[in-house]
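Those sequence lines, one after another, are chains H and Y.
Every letter in the first sequence is one number past the one before it in UniProt numbering, and letter 336, counting from 1, is 336.
Every letter in the second sequence is one number past the one before it in UniProt numbering, and letter 77, counting from 1, is 77.
These are computed hints drawn from the structure, not numbers from a lab.
Certain hints may be false.
Pairs involving identical chains hold if they fit within one copy or between any two copies, as the list cannot separate such chains.
[Stated by the list, open to error] Quick list of in silico lysine to aspartate or glutamate cross-link-like pairs, EDC-like style, CA-CA up to 20 Å:
no.: 1; residue 1: Lys122; residue 2: Asp486
no.: 2; residue 1: Lys90; residue 2: Glu217
no.: 3; residue 1: Lys309; residue 2: Asp366
no.: 4; residue 1: Lys122; residue 2: Glu418
no.: 5; residue 1: Lys309; residue 2: Asp369
no.: 6; residue 1: Lys90; residue 2: Asp422
no.: 7; residue 1: Lys122; residue 2: Glu462
no.: 8; residue 1: Lys90; residue 2: Asp369
no.: 9; residue 1: Lys382; residue 2: Asp449
Number of protein chains: 2
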Amino acid sequence: MRCLAQVRPTVPLLQRAVPGRSLPRYGSIATRKLASASTSAQPRLSQLRVQQDRLMETIHYTSRWGTGARWGERPTDTGMSRLTLSDADKEARDWFVDTTRSLGCHITVDAIGNIFAVRPGKKEGPATFVGSHLDTQPTGGRYDGVLGVQAGIEMLRVLHENEIQTEYAVGVVNWTNEEGARFPVSMMGSGVWSGFFPLEDAYNLRSVIGNQATLREELERIGYLGQTPASYESMPMAAHFELHIEQGPALEAERRKIGVVQGVQAYNWFTVEIQGKDSHTGTTPLANRSDALLLASKFILHSHRIATKHSALVTTGILTALPGSTNTIPGLVRFTLDVRSPKNETVEAVAADLKRDFATLASGQDVGDLHAGGTAGRNEFKVSWTTDSATSATVFHEDCIRCVREATSDVFGDRTKELVRDISSGAGHDSVYASRRCPTTMIFIPCRDGVSHNPAEYSTPEDCALGTQVVLNSVLRYDKLRKAADA
Amino acid sequence: MRCLAQVRPTVPLLQRAVPGRSLPRYGSIATRKLASASTSAQPRLSQLRVQQDRLMETIHYTSRWGTGARWGERPTDTGMSRLTLSDADKEARDWFVDTTRSLGCHITVDAIGNIFAVRPGKKEGPATFVGSHLDTQPTGGRYDGVLGVQAGIEMLRVLHENEIQTEYAVGVVNWTNEEGARFPVSMMGSGVWSGFFPLEDAYNLRSVIGNQATLREELERIGYLGQTPASYESMPMAAHFELHIEQGPALEAERRKIGVVQGVQAYNWFTVEIQGKDSHTGTTPLANRSDALLLASKFILHSHRIATKHSALVTTGILTALPGSTNTIPGLVRFTLDVRSPKNETVEAVAADLKRDFATLASGQDVGDLHAGGTAGRNEFKVSWTTDSATSATVFHEDCIRCVREATSDVFGDRTKELVRDISSGAGHDSVYASRRCPTTMIFIPCRDGVSHNPAEYSTPEDCALGTQVVLNSVLRYDKLRKAADA
């Protein structure tokens, strides 16, 4: 679509205040905004307010479908276990369809089960979407994905009750299987829609939790195998805004309220295999060993040193040592490396350093004194690398980012600089695929201790509402931007 | 039994040579020994010679029961997979019983399936035994255990064909389930016999390979649930000699032919558990992590440094990292530590150093620059230790060791110092339990590359025969020692 970057909105967005509503408040900001509200018959758009209580009640109400483990004492202190295309997911989807339809939306379900709820605008053309996903990890929480969808529904409610007609259609999308937990491909629904993941491959995925049904069978079973082709061509989007918990500690640590997401880190996944030699723990002197697990330990330690040097992230999440017996020196170790940085070239530099240094260490030469202090082994190793996936950095769209920046100014006024920062997403999201086909960005809010994918994942009601308010204002600003571009 | 340590044999042991037999030869030694053989009507005992070809043919013939994986091109280049109490083990046992009976032995099968074949001597009293086991690892070789039993059978054959009547009975014992592979307790038959492992616990063990039958059921099924109580009291032994491959590289590296085993290393097995915190690899800065696998890597590297300092052995054979996902930082790691030394106090010192230093590292303080160069994490860890087993060092009996030393002098003459050394066993053997109830020692021969528990496990025919010759001479010397003690 046409780039809107150079177009400035020319029409004032504020129209009319609606007294008496439940509003998200941030210190004196909300009050100040209220005080400046006009009293004319129609609300000025920038004074539309999301309802914090309604938003939170809806999040907690819909958590009945797939309630997870308890982590605290309050009734809402439980996590979520709403695996994609499960019975619980069907109920959440049915609720999504009924609710958005009651708010005046047209529903489209595509061939991969993505649900698009579109509220018509004054003009024809693709909708500006708010989207995320209603599925969760098996031991997930109430916010990851869910908040992004509920922010969209709260937006629809505010527009509906204020009888606002936007210039163009706006919509909410619930993407299928973002988590990749039950069918192990993450961001799957948006991946198929964007054309980057083949539909047939998705259909043939088998559940790795519970039964072994294919994804297509489960779509059919719960009634969400839609007729519309799963494609950005059949269901184009004008833009995609996604509200999400940060899943990291930065905003909370800096007491910020909003992160304006500039893009998503590049990440490469590798599997490293070390072939040493099995031998008896009791009869093999240290000097005669080719201990694959000892070498792997040195590699892992070294990977953190290299990551620190490059200000990148490196993690080993899976390690397998074989044959796996207390009295046998492991002859084979495989482990994963997850290398991330906002810059593609940093990921490449980290990987290059690691390949070079692992080879040196495996040959018996030292790097960083890792061999020092231990008896040199026989060092008869073979080390091999496999690249499991390579994902380039995603850079979000300047128009969307500008709308979010302006929306945060609407909400935070002269405290914007203090409470809002730019941020990079460490995790992948549906917005990664959306950004390949339409202007996209994300909005982050703080979450407690940076925890996610955990029942105890938590953001305050205030922060959820502030984030939703920023989403609402961003969409309205984008809508005006589109109108201005057409003028 | 009475300690014979101060009693010297006073009767010459050599009696008559038997010309024309197949003999084990070590360079000029066997020839020299032959040349000095007397020509009187009865062989001098020290000139009795084991038959290398017969020994090796028997080892390879009996490998038909449980033939394992091929590792080379010759017909005998296959390993063994003769799990205890399997059909293959039953056939090997039947052969053992038939063969020893044909050599004039009385057979006793005890309640745990140990088979004792006893060849009567001139006097009453417990037999001097040669023993080991016919069961193997699932991917084992032709020598571990098997050689020790076959050395005993070759001894019986030499005595039988030369019509030698020993002073006291001599015997061969095949211990049940030394490997602990199918029923996961090693040295089990000798453990029950010695009173250190309860019979009922052994009976209730379930097969972890193939079916899930109990050990008692399998003993009954193959017909080896004997009537004699499984006890050193019902089946006492005068002594126990065990020939075994070294399972380590020392003898081969030093071009030695025999190791006179002084005892078995002490070893303690621990499981260390590190509780950190699961978190997202992409969104959690290095400084905010409590990465249990990174800490485990530091522990493992440090354990090798501590082992080197103490000239001990430390190995991690099993490591489990949870939850086990490429993009989740492991919050829980468990790993084993196998700590060994010939001295109990060294094992204790290594364990104490590791417990101290692991706690220091877990708290965030550094030891040995292991934290250096990486971003300090949050270091919110709990580290716990479990002692899985603690086995004191075994010291073998001075009488048995003296007999073996003298036997090596018989065989190697003035090359004894060059070709024979004292050695400590790194692995456990049935002789550990036997030594609790009677004078015991072991004799090691070299094995290629120190490899065992592997199809390619290999010792040369010459070395197998030399070891068997040392066993024969040791038993005959011990028999004389007993007679002298009675005089």
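| Looking at the structure, which of the earlier hints fail to hold? | 4, 6, 7, 8
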